[in-house]
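Chemist: In order, the protein sequences belong to chains A and B.
Residue numbering for the first sequence follows the working numbering, beginning at 1 and increasing consecutively.
Residue numbering for the second sequence follows the working numbering, beginning at 1 and increasing consecutively.
Since the hints were derived computationally from the structure, they do not count as laboratory data.
Hints should not be assumed to be uniformly reliable.
Any copy, or any two copies together, can satisfy a pair, since identical chains are not distinguished.
Stated by the list, open to error - For lysine-lysine, the following DSBU-like pairs were computed, each having C-alpha atoms within a straight-line distance of at most 35 angstroms:
{"no.": "1", "residue 1": "Lys44", "residue 2": "Lys210"}
{"no.": "2", "residue 1": "Lys38", "residue 2": "Lys165"}
{"no.": "3", "residue 1": "Lys67", "residue 2": "Lys399"}
{"no.": "4", "residue 1": "Lys259", "residue 2": "Lys181"}
{"no.": "5", "residue 1": "Lys67", "residue 2": "Lys14"}
{"no.": "6", "residue 1": "Lys43", "residue 2": "Lys185"}
{"no.": "7", "residue 1": "Lys130", "residue 2": "Lys185"}
{"no.": "8", "residue 1": "Lys181", "residue 2": "Lys67"}
{"no.": "9", "residue 1": "Lys267", "residue 2": "Lys191"}
{"no.": "10", "residue 1": "Lys130", "residue 2": "Lys210"}
2 protein chains.
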Amino acid sequence: IDNNDKHALLDLMKDIHYADVAEIIDELNLDEATYLIKLLESKKTSDVLTELDEGIRDRILENLTAKEIADEIRELDTDDAADIISELPDERREEVISYIDDHEHAKDIVELLRYDEDTAGGLMAKELVKVNENWTVLNCIGEMRAQAENVTRVHSIYVVDDNEKLLGRLSLKDLLTASTKSAIKDVYIRKVDYVSVHETAEEVARIMAKYDLEAIPVVDETNRLVGRITIDDIVDVIRDEAERDYNMAAGISGDIEAKDSILKLTKARLPWLLIGTFGGMMAAGIISSFQEGMGDYIILLSFVPLIQATAGNVGVQSSAIVVQGLANDSIDGEIMGRLFKEFLLALVNGGSIAFLVLLISHFGFGTEYLISATIGIAIISVIIIAAIIGTFIPIFLDKKGIDPAVATGPFITTSNDIFGILVYFSIAKLILGF
Amino acid sequence: IDNNDKHALLDLMKDIHYADVAEIIDELNLDEATYLIKLLESKKTSDVLTELDEGIRDRILENLTAKEIADEIRELDTDDAADIISELPDERREEVISYIDDHEHAKDIVELLRYDEDTAGGLMAKELVKVNENWTVLNCIGEMRAQAENVTRVHSIYVVDDNEKLLGRLSLKDLLTASTKSAIKDVYIRKVDYVSVHETAEEVARIMAKYDLEAIPVVDETNRLVGRITIDDIVDVIRDEAERDYNMAAGISGDIEAKDSILKLTKARLPWLLIGTFGGMMAAGIISSFQEGMGDYIILLSFVPLIQATAGNVGVQSSAIVVQGLANDSIDGEIMGRLFKEFLLALVNGGSIAFLVLLISHFGFGTEYLISATIGIAIISVIIIAAIIGTFIPIFLDKKGIDPAVATGPFITTSNDIFGILVYFSIAKLILGF
């Protein structure tokens with residue numbers, strides 16, 4: 001398609017949603033992508049840009065002049081505009097902003113650039129509909145028509161006083177049903193949820209999801225209304241957060257996708273594998289130190305993978321439950337109760353598994369009763385210890401203010417491997433006396 | 001608090017958001033909770049009920065009469081009402097519905113009960129604002145005032161023809177800015193995203209997130225507008241889905257929370273642990289079959305945990321990337337390219353790890369060169385095989401129409417444990433010739 005026929009291409013693209021165009025561009029090479037972005041009108045491409053993969057967008061932006069970027073930016077809401085500009089190198093940033101002829105828009109974008117990406121300030125947009133408490137409903141409808149021009153979607157109408165302080169909100173429904181002569185003061189709802197500009201993105205997501213909000217106003221330190229966050233941005237925050245936790249549990253750090261380069265993937269994956277490598281080496285040290293006096297009990301070595309797999313699986317399960325519970329606030333971080341419950345659970349699970357292992361090892365492998373019993377006792381102990389470590393570490397990290405998700409995956413499995421093997425051989429030595 | 005003073009309690013609860021009341025009730029015992037629900041007026045408690053933990057809600061509902069439940073239900077949107085009624089036993093269901101005096105509302109709820117929970121039909125609400133294409137803007141505003149009474153939040157106004165077929169939508173903005181005399185026919189937007197009642201919840205979530213929609217209309221087989229889904233319900237779908245995938249990766253099946261009973265937790269966790277148990281027993285079989293002829297090379301057994309940990313970690317990483325990629329459609333399921341990339345990545349990661357292991361085993365454990373080399377070569381092979389298995393299985397399951405998330409966690413680790421150990425000893429036997 002991408003050779004020459006401009007008109008056919010324009011026709012083709014006209015009816016496609018910008019999110020789909022972005023998907024197509026993600027698949028093209030850089031020259032084709034830049035060509036397409038330049039060809040389409042900026043009303044469409046600006047939205048396409050917000051949907052593109054960050055890496056690809058950066059490279060396309062490098063191929064555009066500051067003026068061309070400013071043209072795209074002009075079409076965007078302030079929050080999306082600020083996101084794109086924040087990725088540019090410093091000098092280009094200023095150049096692009098100087099090309100935006102709507103000074104109000106430029107000022108808003110510059111203001112948003114001040115905030116950290118992961119805070120309410122970084123998520124919010126300046127576009128919102130606000131009315132003064134002293135207006136009448138009729139005033140308000142007129143003013144809203146004017147303001148609504150700049151706002152893609154009207155969510156709530158916020159009511160402010162003369163100092164721009166947030167007082168409450170007005171529902172569209174009330175506005176439609178109220179008499180046109182009533183004063184806003186008399187019809188607005190004085191209760192409104194809001195967040196501070198410095199609130200973290202995760203906390204904003206939690207609040208909006210909990211109270212089923214579609215938009216939330218953002219206020220500054222003096223309670224002045226400075227922006228609003230809509231639920232579609234929060235959907236992205238929730239997805240990113242879930243993806244990050246999932247990756248962390250699998251031993252992949254950072255924002256990684258299947259199509260990233262091998263170098264980037266290695267950087268995200270190798271460090272976690274190395275934790276496993278060092279753990280494995282420590283386990284080797286433990287085993288070889290026990291091995292020498294082991295003599296006839298060498299069969300015990302065959303069950304090392306069993307011990308290790310069980311310890312790892314139990315640890316991951318326990319930590320996953322705690323990490324999720326902490327994330328959605330359903331555990332209050334009460335350590336002792338949680339540990340006791342995991343202990344009971346480990347007893348139940350461990351008992352069943354130990355019984356099974358006892359049967360298989362005795363009848364399948366023909367090990368002596370004493371050895372089978374040793375393995376069974378060891379496996380219950382290992383499961384209990386693994387469950388306790390898996391529960392304790394995330395809660396501990398959370399109390400220290402560290403994201404408990406780092407404690408999942410290879411970190412938990414590796415520490416449980418080492419403890420598990422140590423416990424296994426110590427118990428064996430105690431019982432069998434080698 | 002919960003002893004006697006009704007008025008103090010009512011005063012206290014008056015200003016608390018229903019989501020917070022739900023959180024308080026989750027912590028109370030059953031009698032206290034029922035008492036509180038009966039005490040508060042149903043306008044508030046109905047919303048509280050939707051936010052409660054399912055298990056707790058079921059038990060509270062058992063303590064209420066059908067009439068009391070109907071009073072709560074009356075205050076709810078049809079989708080939330082249907083969710084609650086669907087949890088009741090069959091006879092009570094009909095009894096409760098017979099007590100709902102608004103027949104329109106009751107009919108809508110019964111209609112929603114027909115749909116599967118995990119489809120668009122199960123998510124949608126009947127409350128929406130629709131206008132006929134033949135009306136004028138003035139008509140439309142009047143009609144909307146009437147309809148809006150029943151709709152908590154107005155998202156979009158949908159335009160239908162005389163047969164209720166969905167034609168397009170009208171933005172509130174356009175309605176506010178259009179002349180009151182224009183016909184709807186001339187101002188509405190003919191393009192509107194919609195889903196069929198039978199679409200899966202996950203697909204609806206994908207579409208709404210991709211196109212940044214806040215509400216989407218739902219149509220039946222004949223294209224008639226039957227409901228709409230709002231983004232707040234989708235936020236729950238996205239969270240549940242992420243939680244389910246996360247749990248699956250950790251070897252926990254079903255909808256499990258930290259505060260569930262030990263029996264429920266065991267049911268969710270033990271089956272996955274048993275996979276590991278059987279895998280461990282198979283590994284024991286493999287090791288003991290090689291052990292006999294091993295003689296001087298018994299030191300090789302010490303490195304089993306290393307091999308196993310590495311194989312497990314690599315497998316989980318590879319499968320996590322594929323599972324996420326498939327979930328958000330960023331991989332197209334093209335097997336060969338993906339496998340080749342994982343192969344290259346495994347070479348890079350495997351090479352670095354093997355080199356490190358070589359150094360540590362030689363200098364730390366004083367193993368002979370040949371043995372160290374054996375371990376090094378084995379570890380590269382194991383990493384490559386683990387990466388390929390971890391990539392292949394989820395893609396394969398996805399092609400077969402099975403949720404690839406089942407292939408993460410204990411399933412991948414266990415199969416990689418077994419293959420890893422088999423490869424390790426086979427290579428060792430080949431090189432060292434025992």
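Chemist: Determine for every hint whether it applies to the structure shown.
Modeler: Hints, verified against the model:
For a Cα distance limit of 35 angstroms, the shortest separation of Lys44 from Lys210 qualifies both inside one copy, at 34 angstroms, and across copies, at 16 angstroms. Proximity of Lys38 and Lys165 under a CA criterion of 35 angstroms is satisfied in neither setting, with 43 angstroms inside one chain copy and 39 angstroms between copies. Taking the closest pair of Cα atoms, Lys67 and Lys399 never come within 35 angstroms of each other, the shortest separation being 49 angstroms inside a single copy and 46 angstroms across copies. In this assembly of identical chains, the alpha carbons of Lys259 and Lys181 never lie at most 35 angstroms apart, being 59 angstroms within a copy and 54 angstroms across copies at closest.
Taking the shortest Cα distances, Lys67 and Lys14 sit within 35 angstroms of each other inside one copy (24 angstroms), while across copies they are farther apart (55 angstroms). Proximity of Lys43 to Lys185 under the C-alpha cut-off of 35 angstroms is restricted to the inter-copy arrangement: shortest distance 25 angstroms between copies versus 38 angstroms within a copy. In the homo-oligomer, the alpha carbons of Lys130 and Lys185 lie at most 35 angstroms apart both inside one protomer (13 angstroms) and across protomers (30 angstroms), since each shortest distance falls under that limit. Taking the shortest Cα distances, Lys181 and Lys67 never come within 35 angstroms of each other, neither inside one copy (47 angstroms) nor across copies (42 angstroms).
Taking identical chains as interchangeable, the C-alpha atoms of Lys267 and Lys191 are never at most 35 angstroms apart, the minima being 48 angstroms within one chain and 44 angstroms between chains. Taking the shortest alpha-carbon separations for Lys130 and Lys210, both the intra-copy value of 25 angstroms and the inter-copy value of 28 angstroms come in at or below 35 angstroms.
Violated hints, in rising order: 2, 3, 4, 8 and 9; the structure is consistent with all others.
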